[in-house]
Each structure stands twice: as structure tokens, then as C-alpha cells.
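Asks: Here is what each chain is made of, one letter per residue.
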Amino acid sequence: MTGTTLDDYTDRYAQRMRGMTASEIRALFAVTARPEVVSLAGGAPFVAALPLDAVGEMMAKLGGEQGATTLQYSGGQGDLALRERICEVMALSGIDASTGASPDDVVVTVGGQQALDLVSRVFLDPGDVVLAEGPSYVGALGVFQAAQADVVHVPIDDDGLIPAALAEALETVARAGKRAKFLYTVPNYHNPGGVTLSSERRDEILAIAERARLLVIEDDPYGLLGFSGEPMPALRARHRDGVLYVSTFSKTFAPGLRVGWVLAPHAVREKLVIASEAQILCPSMFAQTAIATYFATMPWKEQVKTFRQIYQERRDALLSALTEQMPAGTRWTRPDGGFYVWLTLPDGLHSKEMLPRAIAARVAYVPGTGFYADGTGGSHLRLSYCFPTPERIREGVRRLAGVIEKETLVRAEFGTAAAPAPSRVTWTHATHLGPAAGQAPAPGLE
Amino acid sequence: MIPVMEPHVLILAGGLSYEREVSLRSGRRVLDALRAVGVDATVRDADTTLLPSFAEVRPDAVIIALHGATGEDGSLRGVLDLCGIPYVGSDAQSARVAWDKPSAKAVLREAGIPTPDWVALPHDRFSELGAGAVLERIVDRLGLPLMVKPAQGGSGLGAAVVRDAGELPGAMVGCFAYDQTALVERYVAGVDIAVSVLDVGEGPTALPAVEIVPQNGVYDYAARYTAGLTTWHVPARLDEEIAQRVAVTAIAAHTALGLRDLSRVDLILDASGDAHVLEVNVAPGMTETSLLPMAVSAAGLDFGKVLANLVTRAVQRG
Chain A
8 MTGTTLDDYT
18 DRYAQRMRGM
28 TASEIRALFA
38 VTARPEVVSL
48 AGGAPFVAAL
58 PLDAVGEMMA
68 KLGGEQGATT
78 LQYSGGQGDL
88 ALRERICEVM
98 ALSGIDASTG
108 ASPDDVVVTV
118 GGQQALDLVS
128 RVFLDPGDVV
138 LAEGPSYVGA
148 LGVFQAAQAD
158 VVHVPIDDDG
168 LIPAALAEAL
178 ETVARAGKRA
188 KFLYTVPNYH
198 NPGGVTLSSE
208 RRDEILAIAE
218 RARLLVIEDD
228 PYGLLGFSGE
238 PMPALRARHR
248 DGVLYVSTFS
258 KTFAPGLRVG
268 WVLAPHAVRE
278 KLVIASEAQI
288 LCPSMFAQTA
298 IATYFATMPW
308 KEQVKTFRQI
318 YQERRDALLS
328 ALTEQMPAGT
338 RWTRPDGGFY
348 VWLTLPDGLH
358 SKEMLPRAIA
368 ARVAYVPGTG
378 FYADGTGGSH
388 LRLSYCFPTP
398 ERIREGVRRL
408 AGVIEKETLV
418 RAEFGTAAAP
428 APSRVTWTHA
438 THLGPAAGQA
448 PAPGLE
Chain B
9 MIPVMEPHVL
19 ILAGGLSYER
29 EVSLRSGRRV
39 LDALRAVGVD
49 ATVRDADTTL
59 LPSFAEVRPD
69 AVIIALHGAT
79 GEDGSLRGVL
89 DLCGIPYVGS
99 DAQSARVAWD
109 KPSAKAVLRE
119 AGIPTPDWVA
129 LPHDRFSELG
139 AGAVLERIVD
149 RLGLPLMVKP
159 AQGGSGLGAA
169 VVRDAGELPG
179 AMVGCFAYDQ
189 TALVERYVAG
199 VDIAVSVLDV
209 GEGPTALPAV
219 EIVPQNGVYD
229 YAARYTAGLT
239 TWHVPARLDE
249 EIAQRVAVTA
259 IAAHTALGLR
269 DLSRVDLILD
279 ASGDAHVLEV
289 NVAPGMTETS
299 LLPMAVSAAG
309 LDFGKVLANL
319 VTRAVQRG
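First to last, the sequence lines map onto chains A and B.
So for the first sequence, the numbering used here puts the first residue at 8; every next one is plus one.
So for the second sequence, the numbering used here puts the first residue at 9; every next one is plus one.
These are computed hints drawn from the structure, not numbers from a lab.
Here the structure is a predicted model, which means the values were calculated and not measured.
A couple of the hints might just be wrong.
25 angstroms max Cα-Cα, derived SDA-like pairs, lysine to any residue [said to hold, decoys possible]:
id : chain 1 : residue 1 : chain 2 : residue 2
1  : A       : Lys-413   : B       : Gly-164
2  : A       : Lys-413   : B       : Leu-129
3  : A       : Lys-413   : B       : Gly-138
4  : A       : Lys-413   : B       : Gly-174
5  : A       : Lys-413   : B       : Tyr-186
6  : A       : Lys-413   : B       : Pro-130
7  : A       : Lys-413   : B       : Asp-108
8  : A       : Lys-413   : B       : Ser-135
9  : A       : Lys-413   : B       : Asp-132
10 : A       : Lys-413   : B       : Ala-173
11 : B       : Lys-313   : A       : Asp-103
12 : B       : Lys-313   : B       : Asp-68
13 : A       : Lys-413   : B       : Asp-68
14 : A       : Lys-413   : B       : Val-169
15 : A       : Lys-413   : B       : Lys-313
16 : A       : Lys-413   : B       : Ala-141
17 : A       : Lys-188   : B       : Gly-174
From just these sequences and the hints, can you work out the full model?
Replies: Structure representation (C-alpha cells):
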């Protein structure tokens, strides 16, 4: 007579793995792989718009003609030729030599995600506090949870992070006898909020951070994907100290190559390199060379312009479809770039509880609960317009509108309403709660 | 010497149901088990390219590892019948009845097999008659606690135990997110037991019962598919007489529903030792944490060989 849990390792797992279980949400997302489902969930860039033949030819040469180098290890900080290209890219956001940016201070990473992980490894001890927008990027919340940090969410509005709320959050943390280690923020075309931090607020946020000696982690994957005008100067462009700038080639070129970077002050840079070497030894030399070559030899700025046009057309399709079809009581943000619209459901609806109905109607979104460390945010959901065609987007919104109407009707009949939205500043303990990681969409949905 | 042609087996996995992920895992597990015993097998999704693919490579038999409607409601089996391709498992008609929990429970009750008292109602009926009034009658008639679950579906998705009448409306909303019809049944407290029934040509036999003890008391989606969250006892910790009674009940359910080859009968054993059949699955899970492969192993059988035998039977049926 035997009993088995089919897992002989349960008493050996690290505490941070608690709460990481099979998830109904992940199960529901599995269906989005089928073409019958209009997925407004995934944040996958539309890489089909790249000159794939030319890129393929370039990659073949990198293997055939430069294989002795590209198939070898690289240095832990990353290849110098690529770091120089990275500085050219950052200059478009106002981060250049005049603001102290140098290839010497760039660390190449495996996507922006590893950069966030490195920053957490370097700065966070278990129980430390991180301030992050509420909602915040689900992948960052997963990193903070793994670091056993506590997340304090700071609300956003149409102009991005609210400075007064940041000050309030700092006071809340101080009253609890703690100190926030850093502010994690996505100022441009926020994921999932879709909003952009206004220029005035950028200065206000930096001033608050400076007064509180609060480090700022500026995550900027979408900065070059604005639909109107030039990119707004980054926080790092305004402040050379106290800001770590993280970005990626995943949105401007190809996520499959997994290359990102972090720009940090000298002292921090050294620690990031050591942490990265301990973690991955070095980033892929092949991927780094592919990106450096692409940016040196191909019209990448034209390509980014093409991406912008595609995404703008899809953004327009989504916004017009929402305007035409969404039931009363539904609200949404109007992004001026990037990939995402943040939608607020009519009162009493819960996006996570509604998801099976949406999947049955063959439309998918990401429930807002994934973007809060404590799993609140059920009044909201994230819609992505980056991958589906405008026709599919319109069809997806038509289906979603039907789902919301039906859910409203059912809830009214049974007299049930979801819990109200969270208060302005929410204090959550990522260490003790699994939902952010547990509900994190699979790769490709980030 | 003329070589004997080994059958080519097509495993269907994936699908469009909420259980797609589970199905993909089941499909891979079945593929590994068959290949381990030398059976030529491939796995693929059941999508618009399936039927055209038969023109190029016609399988000798199909194993349906699809969970949810397509795999279990008989419709895909009906299409395979149209194509003249044999498959492992129950025929279309029996699968259709077993898949719909209220229909299956009616058959079981007719056959004198205990199953918790129930009512099944589509959402529209609540709209027409007023949800509050209908819920009151349900509580009056069945009492508390109650089990609310979608009339069709599996893996515990959309299911909830209701211990207080105030929780019932929320459970109904959660259930209707998954299905148009809700099954509300009297909750029977007891030990969760799953009995796999196997018929490789000599009549249905019950494999050792699996006793399910979820860590947090609820056998929900996470408890089913996260190793470590549930303790499974195989064979179940039952005395011989009760184990025998459970086995007889499971075989009776399999037979009453007219099922073929294999099924998994989920029961609850109450404090008096009486077994109540909750549902019967015609396409049971085959993942690493699934109950049928566990029972096969506990019976001292090789999972791959069992599947290979069932394939042979399907091919012979033609």
C-alpha cells in the first residue's frame, strides 16, 4: 500500500518556488495557439514584416564566414561592437556621450528580462521593497517575486506614473520602517497600461527619486515605437546618476535573438557584469554579432518606421473597433505607441473569471490580475494589437464585446459582482503570493 | 518470409478545448509509451488539415487523447467512422452520452447505480424563470452543501463546492463561464476514488482503484496537474470487501453506458462505505499525473503494451 505525490523533491524546493503551480489561466491560454482564436493577448512583435530573406542570408554568412568568432564565447559584458551600436540606438532617446553614456557602461543581456533579473540580483535582498507602477509588467513582477521582494504598486493615469502617488508610496514604505530599493518604471507606451509618462512628470518623478535617494530602473522596450513625433528624452537622458536604463532589441528587431542591455553607472556596471557571468557566463556571440551586423549593414531605421506604421494601423483598428462595439461602462487607454491598450470593464465584472467565456467565444486577452503582485486588477484586462491583422482585431473586439455583454447579463441575473478595484496605493508582498508568476502568460504572451 | 506490417497509430492531441494543454501532455505520454514498445506512432492536432492528411498517410488506428468536447462528445469519433478509420475507445453514441454528465447520470440511475441526486439547468432557464427563485428551489430540494460543475467538461474547470447558499450565485456564474448548462448535485463527503476500467477482449475489468488526497482538500486544476500537491494511493486504502464493491460499481457504470476498451470512473466513497459514481470519462487523462496510467502500472501492466493491445483490437474491429 503506497502513497505518492509524484514529486520526491517537495521538501527540497526553495521557498520562493511556493505557489508556483499548474494554472487554469495558462491552460486557457494554450488554446490561443489555434488559429480559430483571435488572440489579443500576446505581445509578440510582427517579425514577419522584417526582410526575412536578407536577414537569413546575413545569418548564414555569420555562421559560414565568421563562425570561428560567432560560435565562440564572448566576454561577460558583451561584444564591444554591439555595445557601440547600442549607444547609437540610445542616442535617439537622448542618452548619449553628453549625458555620460558610453559603451563601457553597457552590459549586454539575454533580452531585457535578464537585465531585470541582474538588477534584482545586485540590489534586492529578501523582504526589500520595490516600487512599481500598478499595473506593472508581468515579467518584472516575476523577477521581483523570485528575488523575494515586496512590491508596492503606484497608480498610473493617462499621463503615466502619478508623482503624488509615488511620494505617498514612499511615505507608506517609510512608515512601515522600510526603504524602497528602487522604482521600476516603463515610461514609454507602458506595458500593460499603454500610457506614456509626460515630460513634466518625468522631471517631477526624478526630483522625488533624488530627494528620497531612490534608484530608478527605467525599462524602455517600446521607446522607438511611438506613432507621433520623436522619442521623448528618456529619464536616463535627464539624469545621469541614479537611473539604470534597460532596453531590448526584441521590439525593434527580433525577440528570437534574445538580446537586451542595461546601461548603468560604472560601479554598478561592474557588479552587473560579475552577476551576469555567474548566471550565463556570456551572452550568445552569434546573436550579438547578428544584431551588430544588422544594425551596421541594413536600413534598420526604415524598418523601425515600417513597424511603427504597421502598429499604428493596428492601434487605429483596435481603438475604432472598441469605440464602435464596446458596451457602456467600458473604458480604455489610447496609446500613442507600443503594443497595448489597458481596458477597464464595466462595474462588477472580473477579467480572470470572464476568461473562459472569452476563450469559448474564440477571443483571448490577458486578465489584469497578472499585472499586480497580489493578483488584484480583475477590473481590467490587457489587449495587444501588435500581432493580429486589423481585420482580426476588429473580429476579436466584436467577440469580446459579446462576451462582456453576456457576462454582464449573467452577473446581473445572479446578483453577483466582482470585488471592487484596489485602492490608489496597494501594498503587496510578492514573496508570499504566487499569482503574478502563476498567472504569467507563457513566453510570447509577455 | 513476408514481413508483418506493423500498424501505424495516429494519436490526436491538442484541440480547441480548455483542456488543450492537458491533452498535449497526454498525447506526448501516449506517444512515448507506444514507441517504447516498438509501435509506429505519430501525434498531431485535430484541425482543418486532419482529414486531408488521411489522403497522404492513412493511419491504421487512431488513439484519441483529446480532452473536452471534440475528443469526448462523440463527434470526432463519428467523423472517424465516416472515414472508416478505426479508433481506440468507445463509439460515438456511447461517448456522447457519457460526456454529458446529466445524461450519463440518468443512465446510471436507471441502471440502479448510485449517483448523487442532481438537477441540470441551462442558463436560459434561469433567465426565464428568475435566477433567485430557481436557486432557492435547488437548495430546498438538494440541501447543502452542493457541487456545481459544467454539464460538460473536465479537469475540475468551472467546478465549485457550495457550503453556504450565499455562495451559490457566484458558483453558478463561474460555472456558466465554462458551459451553457450547469449540473448542480448534492455534495457527498467522502474519499475520492478513480477506477480505470479496461477491456482487452475478455470483458471489462477494474484496475486497482486510485485514492485521491489533495493537499488542500480540493482536487482542483492545480491539484490535478502539479506534482506534489496531491497524494495518490494506489491501490486505494480500502478493505477488500469495499474495494471489491467499488470495482463492481465501476464496471457496472462502464457497462451501463455501453463503453468500450477503456474508461475512468470517478466515485466518492461515503462514510458508510457506499460508492457514488460522479462521472465517467471516455478519454481519460494520460499525463504523468493522470490516474489511468497510475492504475495500469499498479496492476503490474505496461502502459505501452496495454495501448498496443487496444490498438490491435481497434484494427481488428476495422
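Asks: Of all the hints given earlier, name the ones this structure violates by number, lowest first.
Replies: The structure breaks hints 11, 13, 15, 17; every other hint is satisfied.
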